[in-house]
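Trainee: Sequence:
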Amino acid sequence: MSDTIELSPPDPVDIHVGKKIWQRRREMGLSRRALGEIIGVGLKQVNKYETAMNRVSAGRLYEIALALGVPVAWFFDGVDGNSHDIDAAIDSSEGTADQQEVTSLLSAYHMVPALVRSKFLRLVRSIADEEAS
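Here the sequence shown is numbered in the working numbering, starting from 10 and rising by one per residue.
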């Protein structure tokens, strides 16, 4: 028996809604922390909504809509549910796995002591330079 948990990829509609949350939050100049405080969650949870790592419940989406000054339906603009739109959403989300990986890496990075972070950064830059040459 394996201890590995297989995660299914995010639903294209969840990806779309997450991108709309990110877009509107940025338009308003709000940080993830600020939006989280308004809706009663932490900045990591806001990040998970924006990257579709966690689904947004209907009640939470309503709170987000109020906080961002848009109707709930606005988050679904551009998704009408036909297979062409869903395929397009999947195609546009090819970088989502990379984005989630980067977000996860940054979260972990900021939990490490500053001295270790600077050493880690030098190591990563060294590897990147080596790969580039």
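Note that these hints are calculated values from the structure, not bench results.
You may find that some hints are simply not true.
Once the Cα atoms are required to be at most 30 Å apart in a straight line, the calculated DSBU-like pairs of lysine-lysine come out as [to be verified]:
id	residue 1	residue 2
1	Lys53	Lys28
2	Lys57	Lys29
3	Lys57	Lys28
4	Lys128	Lys53
5	Lys29	Lys53
6	Lys128	Lys57
Trainee: Now tell me if each hint is right for this structure.
Mentor: Hint by hint, here is what the structure shows:
Distance restraint check for Lys53 and Lys28: the Cα-Cα separation of roughly 15 Å lies within the 30 Å cut-off, and the hinted pair is therefore satisfied. A threshold of 30 Å between alpha carbons decides the hint, and for Lys57 with Lys29 the separation of about 13 Å falls inside it, so the pair holds. Restraint check for Lys57 and Lys28: the C-alpha separation of about 11 Å stays at or below 30 Å, so the hint holds. Taking the CA atoms of Lys128 and Lys53, the gap is about 25 Å. The hint holds against a cut of 30 Å.
About 17 Å separates the Cα atoms of Lys29 and Lys53, which keeps this hinted pair within 30 Å; it holds. Straight-line distance between C-alpha atoms of Lys128 and Lys57 comes to about 28 Å, which keeps the hinted pair within the 30 Å bound.
The structure fails none of the hints (numbered hints given earlier).
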